[in-house]
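Listed here are the chains, written in short residue letters.
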Amino acid sequence: MSDGGPDGEGRDRPTARARYRYRSDDGMTDVDTSAPVSARAEAPDRRPGLIGLLAGCAAIVGVCTALQLMIGEPTLSPGELIAALGGEREASFVVKELRSPRIVAALVVGATLGCAGVLMQDSLRNPLADPSLLGVAQGASLAVAITTFYPALAPPVPRPILALVCGTAAGLLVVLVTGRLRDAVRLLLAGAVASSFFGTLTALVIFFAPSDRAGSVAGYQRFAIGSLSTMEWETVWRLALWSLPAIPLAFAAARVLNVLKIGDDVAANVGLDPGRARIVLMAIAMALVAPGYAFAGPIAFVALLAPHITRGALGSSDARPVLVGAAAVGATQMVAADGLGRLLLFPSEIPAGVWTIGIAGLPALYYVGRVRRSVSW
Amino acid sequence: MVIEQHFGVLAGTRRRRPGRATVVLVVLCAVAWSLSVRYSIGQITLSPAGAYRGLVETDEASAAEVFAVLARMPRAMMAVLIGGGLGVAGALLQSLYRNPLAGPGITGVSPGATTAVIVWVLYGPSLDSTGQVALTPLVAIAGGAVTSLITFAIAGLAGRADPLRLILFGVLLGGLLGVASQLIMLDAGEDAVFIIRWLAGSIDVVGWRQVRIVAVVLLLLVPFVAYATALGNVLALGDALAHGVGVRVGPARLTMLFTAAAITAVSVAFVGGMIFVGLIAPHVARRYVGGDLRRLVPAAALSGATLVLVADLVARSVRPAEWGLPFPVSPNTLPTGMVITVIGAAFFARVMSTTR
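Those protein sequence lines, which keep their order, are chains Y and P.
Numbered per this note's numbering, the first sequence spans residues 2 to 378.
Numbered per this note's numbering, the second sequence spans residues 42 to 397.
Everything labelled a hint here was simulated from the structure, so no lab data went into it.
Glycine included, every Cβ here is placed at the ideal spot set by N, Cα and C.
Here are a few chain P residues that sit away from chain Y, every Cβ distance over 12 Å (derived from the structure):
no.	residue
1	69
2	180
3	250
Not everything, but these chain Y residues come out facing chain P in the computed CB check (under 8 Å):
no.	residue
4	189
5	194
6	208
My request is simple: use the sequences and hints to build the entire structure.
Pasting the structure below:
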């Protein structure tokens, strides 16, 4: 839907940014492959590149991890931390069993979200595609609510599988209903309706919860925001085991993503069925995010922002480096959000899900508004 | 293009429609029918004659008839008021956004109001119930207005407060507020269940006091609606033309947004999430009376009222406890808002898939 604003928003501008421009008119090409080469030759490139991005992420993660491990009850000095990591001191238990698991969990959840964001945005060719904006998160939450409040009704399948099924159903519903997938506003509205639909079903589940489960409401609500505070090694292992198989799949799909991005016509010409490819890619994305949604709660906006940051930093939309970068950026966002939530108001804790809004949501809001200038919807 | 299809009158492609008088008659009949059926279904089932006796010829009615009708009256009135209000708000917003798929629920207006009410209920001063009832709609209006203002401001900062940016930031802000209210509810403890119930949208907790407050506030808003209607019709001609006839586009949009937000806020203050009414009612109305807001706004109000009445009927007729579920079910009726959400989502899917 282009409103043809008089300010010439859709006009070509010779910047490297043009390289990952999305267009909603049915032109033959989506990615402007002609502009960037000359643009890069003209303008000095100040982008950090993949190595720089990874180094930056590693630095932030390192600082956050060190702070997370040191601060708490008891607070350790760096020397004590090293001693605790190595030895049998009292603090060793606290560091190894209480503080470490949530960092690993944050890394895994963030990395999978970042990858899933790339898969969804590139396969739908829509800059606003995000599992939490497409109703996937709410679908997965419904599954968790059912298993929480009706242990008797819950089928004997593991929670991540149930979250995967419900989340995928929600996401597919939105994608099928939307039709014109590249119309970002349409997708956003359909996702919002699906979110409130699944939210209502969840409320229904809570509403009619058996009275002996009423005590679970507070626990479920903590989960529904997205929190890593109750992570133990056992949960972390399950989380990692469920989500790791999907990561190689995502990287294997990178080539398909690159073809799909050029346009459905071109994809068909080189022998790729765009519809089927899209479904497979979406399924991989769901498999990536479902374990996180099942164990850590519906973390919003990380999957939306991480790919955009990465593409901006790399100056490229080649799916292979972007996947690597987005995984790193997503993991960094999660670790930072969890660290902020735990340390900012130290004795009391704010769930990580809230901070992802601050770290990812608000920048995404601003960024998407700005990018509207160079993206025609 | 979606816009031309749904704002056919303004785009110059007039659809064939049944006569206006027929439509009004049909809708009024629907309202009357659902009102009458509404009075006869419930814990005490009345015959239509009994409902009539309880309502009009109270001298000849039995105590049960009078009681049942009295108990059901405020609920029916509230359904009409909020259905009408949300229908009007939806009509204004869809015209403002130039998008027949938007509505007060998914564009931040109603999340703003509900978040404000949740904060008020949990952390506000503890008043006697009269003060509580009187102030809740005002708090909701304040929440809706602040959210609208923020949406407008961000859209302006990001370039220009055009319909697309308003939708975009409205939806995102609504999502943020949803998480924020969940965070607030973490501290709620026992109150959380009550708030979840309220958010689900149930009319069964209202009495005459709430009905009176909502009626008065909605009545006060009528002049604003008239003004916003006129503005909306001009804005629908396009920004350039509206500017040409002397309307300042930005302030006009803000006025429409504020009016719609205020109506939505009052409507959700007591009954929570019925927001899909604001999506469906204008849509249905537009099919019959076209896109001219002078006709669309009243028609949307009528169809909204009908929708909520019918949904409330359905909600009261469904008895989950009698389904033989393998666990005890505590409240024996569905919240009306859930019925509306299910209807609304199906309706939205249908509209979405037919306008591609």
